[in-house]
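Engineer: Next come the chains, spelled out residue by residue.
Protein chains: 4
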Amino acid sequence: MTTLSPDIQAQLTAQSIELPSWAFGNSGTRFKVFTTPGTPRDPYEKIADAAQVNRVTALAPAVALHIPWDKVDDYAALRTYANDLGVELGTINSNTFQDDDYKFGALTHEDAAVRRKAIDHHLECIDIMDATGSRDLKIWLAEGSNYPGQADLRGRQDRLHESLQEIYARLSGEQRLVLEYKFFEPAFYHTDVPDWGTSYVQVSALGERAMVCLDTGHHAPGTNIEFIVMQLLRLGKLGSFDFNSRFYADDDLIVGAADPFQLFRILFEVIRGGGLNNPDVAFMLDQCHNVEKKIPGQIRSVLNVQEMTARALLVDAEALRVAQLSGDVLAANAVFMDAFYTDVRPALGQWRESRGLAADPMAAYAASGYQEKIETERLGGVQASWGA
Amino acid sequence: MTTLSPDIQAQLTAQSIELPSWAFGNSGTRFKVFTTPGTPRDPYEKIADAAQVNRVTALAPAVALHIPWDKVDDYAALRTYANDLGVELGTINSNTFQDDDYKFGALTHEDAAVRRKAIDHHLECIDIMDATGSRDLKIWLAEGSNYPGQADLRGRQDRLHESLQEIYARLSGEQRLVLEYKFFEPAFYHTDVPDWGTSYVQVSALGERAMVCLDTGHHAPGTNIEFIVMQLLRLGKLGSFDFNSRFYADDDLIVGAADPFQLFRILFEVIRGGGLNNPDVAFMLDQCHNVEKKIPGQIRSVLNVQEMTARALLVDAEALRVAQLSGDVLAANAVFMDAFYTDVRPALGQWRESRGLAADPMAAYAASGYQEKIETERLGGVQASWGA
Amino acid sequence: MTTLSPDIQAQLTAQSIELPSWAFGNSGTRFKVFTTPGTPRDPYEKIADAAQVNRVTALAPAVALHIPWDKVDDYAALRTYANDLGVELGTINSNTFQDDDYKFGALTHEDAAVRRKAIDHHLECIDIMDATGSRDLKIWLAEGSNYPGQADLRGRQDRLHESLQEIYARLSGEQRLVLEYKFFEPAFYHTDVPDWGTSYVQVSALGERAMVCLDTGHHAPGTNIEFIVMQLLRLGKLGSFDFNSRFYADDDLIVGAADPFQLFRILFEVIRGGGLNNPDVAFMLDQCHNVEKKIPGQIRSVLNVQEMTARALLVDAEALRVAQLSGDVLAANAVFMDAFYTDVRPALGQWRESRGLAADPMAAYAASGYQEKIETERLGGVQASWGA
Amino acid sequence: MTTLSPDIQAQLTAQSIELPSWAFGNSGTRFKVFTTPGTPRDPYEKIADAAQVNRVTALAPAVALHIPWDKVDDYAALRTYANDLGVELGTINSNTFQDDDYKFGALTHEDAAVRRKAIDHHLECIDIMDATGSRDLKIWLAEGSNYPGQADLRGRQDRLHESLQEIYARLSGEQRLVLEYKFFEPAFYHTDVPDWGTSYVQVSALGERAMVCLDTGHHAPGTNIEFIVMQLLRLGKLGSFDFNSRFYADDDLIVGAADPFQLFRILFEVIRGGGLNNPDVAFMLDQCHNVEKKIPGQIRSVLNVQEMTARALLVDAEALRVAQLSGDVLAANAVFMDAFYTDVRPALGQWRESRGLAADPMAAYAASGYQEKIETERLGGVQASWGA
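Top line first, the protein sequences correspond to chains P, B, S and C. If you count the first sequence from 1, position 286 lands on 286 in my numbering, and the numbers rise without skipping. If you count the second sequence from 1, position 333 lands on 333 in my numbering, and the numbers rise without skipping. If you count the third sequence from 1, position 126 lands on 126 in my numbering, and the numbers rise without skipping. If you count the fourth sequence from 1, position 384 lands on 384 in my numbering, and the numbers rise without skipping.
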């Protein structure tokens, strides 16, 4: 059986993946949001659920919050609550897509008053970061337009720069701003930050602590995502990943579910470019569990990243270089595929047990009774979902 | 100036486009549904709005209903109300995507009880058709799965056939069933009716009065839609169009907004294949007005179809054949493009005036005071939207 | 270690994959065809190379020919030559894309004389089938147009039907016609057989022995290919596969190289639908080895199909059904993925040895000295490539 | 009838579009290159043909050369020949995709000797620029890999930078380097300069006289190209356009043929961003006339750009701003579409006549007898095509 070298074990031990609080709430499509028993009603319950993921995997020690969905009166109390459950509060995500004022933009809006409101929202997010001890402010902008002519593309880009500058100036100490890009949706003609190039030029104009966030689901069909990973690492501007997977558009499926080999290639480039367990490159999930159970869905997700990281670490770098240098296409590909095709799961199970974890975290969670408990106890109240 | 020949005028006079009641309600994305002043609160108000579109264009004499969104106690009364406003009740659209029971399918569900419920819903729709005098039952199925392995693709296809058979058997007289296909969404791994081929084989297995519905927004990137129009007309199975346009996925934008030349090519093939003003081929809109005003959005839409039909009718068929037969690529393309590039709008304005309509229906609506009236009067109540 | 059950062993033993003669010749892009040492100069040398693939894998007992590229004076002699090397002559592929007369179409051409020539070419192919003992005539049509207006889409479809009818009528006994579809290229606006639906309606109009050929690289971005496999098997019209893989367009890469999980899903549906080792469903490769060595490229290809077939056979069908029926999305997916992630290579190696084959066919070929031999001996002459 | 304001006339008078010499040679796909009567046999004949385009349009006063396809012994003589025909020698295009040494890369190759050869080729191109008086060196790199693992993506990017630096350092005076990007092809897994972001960061690392070349056919499906135009103009890095159009991949069709409205939107952003008749932004064609006649194909192309520029200049910028500022989506879109739908062709015909040109350049060329002349006279010799 494949065994994991001490070096690989060390890398896997160091790995951590941040969970999105919203993955524990309900989500769906424009057509329907299905509800599920046991869904959290408030940020505390979301954190409690996230802590379960970490408990069985030791992989997910932080929870990202979304403002205003996760607003509470006392962030210190929330932080203590999280810490007591063994997790940290992580990245703060802003939201400028659910207020009627933002129908035609937020940071890019033609109206200075709307921009002011949107900037102030971000400043409030940084206040929260100060309270939660979060390092990163993640900005995903839903801004764009639906019809040609509707918007002045150029003016919006300039206003975006000005708005971001004001937000960036408010960051203190080690705090960072990460700017996500997305090919399309919810805007259907143009999006103000549609590609890595735009995010890169916008954050480069801000300063060193502004970085790009790469969401693996946010690209045009056929895009070679690992190439972008390579390029952003080369440029020193890959701030974070939003992991998920997709078959079509921004489907937000479990990472690795749609194309495991793509995840392998991405992680190989992360390792190649020095991005693994590098504090500058945050690993996060950004997913929706529309039809599957949410806590097991998150466990499956972090395990997928872990398993594929192990496979990517198995690539025989030396043999690969020899084959590449000799122009032996099939040999180079074979070295690469050999790692991908190696079944690391038994070795990972053993390694988990050696660390005092269950060999199979999915089974451990199922056996824990937690799911039954929340389904029984969480009655009444309003289930959390996007928009609440 | 271009003038419209008597033949073209006759074709344009005969043209009619069915409006979707839901276009007058609020719509949006999974991220946010923006509300708009004056939005209807019930089916009567939707029909009243639709009648405005017909009043200024004389192009939209029918309104499609969506069940259960447009359920009323007395369909005869609704029908009379519509007729008094100069419009008919048109196609009945079923809905199997907003009930918790349908989380894993409706007509394809593994559980016979759920299939029963979904079939019964369609039988109820046919009852409504009997009451409204509607000819067509349009079925769009949101069914599919999100993850490989989740569903038995083959079994679902067989169950779909059985369910459709039972529904088809209930149709009477001149009633028809039209089956829409859609590339993806809301399911993200597989969709049970994803392409024209699947819709075609399913309706062909039912009988003569089962036809394909082609929604112009429901195809993979790059698909040559006019080719499918040609093929379905050739096979005698093009039952209806859902017109809209898209840049990315199923964006449901105003027809002709994203790619006017594509709309031209589609209408050219409609004419070529005998589908224009052919009662077997219903023209319908299926759109969302997320950020633009709804009634003017619908007026703009039917005008786009009318204008592009006029352009397509201008193609000099004889000159085109000569060029095609001689293998003169540039000459054939030039004949085609000459029609597309001809500005038919002044001639259409004159023709409208000759028929007692305003030359510019958009301006006529704006001047009518109707928009201000509904924005003032429709206070309170719950605005209609998807799901209500 | 994973072991292969007797049933799986039996299925793998029965499996056979037809090789394309043209994979052994040079190929490339419109920009450049790179030559490689040892490339065959005639059909005999191509067959000799193909036999090497079969020798080390016992998986590839037939070689498809392409006419006119593989025309010889004496097909009986070619057949004997092949048989002596342990392989059969397989599918005959026609070619209507490299003659100046076919610039604007072949079977669809406006000019009856050109159609006559194209039909006669196919009749000649059937004569060759009679001589070679081939069962299948495979037709891929490069026909289409580059500019809107250039061609009469509808007329071409009708003429295609008439031409195919005449060809089909010439088939005798057990001979079959398989019609390939392709999304685009070499035509850039419309293609006459662009999707499975068109191929299906065309072959259905011919008769029972006309079937669809599914080339895995010939679909629009995002297309769910396993769904089409399921549907065609359900309809009894899946005649053959052209296996290859692609990242972008019709890239013709080694099967399984771009998306191994997609190949797994396709083979799972083949098994689910009764298409594995079913004589009605031929497995063929259709690939180009532009930058990699050709014989090892073909060995790698058939091994990829074999390995992924083994993985797909490992799916626990019973457990999968239980999970599907209970609506447990994650459990169903886990059963599915468990098979995909299982490393079957060691067990396959043992099984090969038990059959008297080398455990590692790639290594066995490399050690055989054959490559060095052909590189040394095949000097002079004109290397085979597309068009020769 | 629409008339052209003096300002629009001035803009159109100033407009110039560079023709690619290779458009006059034969081209095709990997499947077949069809030959055409009258095709040039050498660079002189290509220039003669290009001069015909300029003669009837007064729009195309420069011809881009491709090295080595257009190598001559005496560039001064070629320049004089061109000048005598009323055209200039324009951009010099390098070629690193047709030499066996470049199978695995040129400027990015692992082997320093191959990089040396590729760099030297570019230095030779600059020598030619000195002789021809050309300002721009355009670099399109076919470099990439076909299989995951085949190449070290990161190392190639670093070597690309070093190679470009050496080439850039050789430029003198007003000479510029423009770096083209392309989504894919001829490499099928990764391309070393696949997107505007990569081209931008590479040229930004060189200096002020290195710019991005945007080829309108080189993007992923659905990409909003006018957004990239806007962004590159904003960043001051849009060096040139390669105009063409496409339905699928890099189809190289006549500009405006596939999606005229997209061309309109692109030209609108060019105007909006100050790129029209700005010497920093070169307009070039890069097309293939596979099935249509080449000289008329080029005439059609420059007219398409001219006509769409005229439409884009008709946009009522003030009305557009008012509508945008008020959030009136339909009004803003209507202002935009009104310009697009206006038929400028009659006014352009009159304007041409006022300048001493034929109203219809296509007809003027057809009537000139030039085509018949070259078809009769150019017998023997080897027709120019890619690779010669």
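Keep in mind that a hint or two might mislead.
Where chains are identical, the list cannot tell them apart; a pair therefore holds if satisfied intra-copy or between any two copies.
What the hints assert, rightly or not - With a straight-line Cα cutoff of 25 Å, these simulated BS3-like cross-link-like pairs (lysine-lysine) come out: (1) K117 / K71; (2) K71 / K103; (3) K117 / K373; (4) K103 / K117; (5) K32 / K103; (6) K103 / K373; (7) K117 / K32.
Source of the hints: derived by calculation from the structure; they are not laboratory data.
Engineer: Against this structure, judge whether each hint is valid.
Structural biologist: Against the structure, the hints come out as follows:
| no. | hint | verdict |
| --- | --- | --- |
| 1 | K117 / K71 | within (17 Å within a copy, 41 Å between copies) |
| 2 | K71 / K103 | within (22 Å within a copy, 31 Å between copies) |
| 3 | K117 / K373 | neither (41 Å within a copy, 32 Å between copies) |
| 4 | K103 / K117 | within (13 Å within a copy, 39 Å between copies) |
| 5 | K32 / K103 | both (22 Å within a copy, 9 Å between copies) |
| 6 | K103 / K373 | between (41 Å within a copy, 23 Å between copies) |
| 7 | K117 / K32 | between (30 Å within a copy, 18 Å between copies) |
When held up to the earlier numbered hints, the structure conflicts with hint 3 and nothing else.
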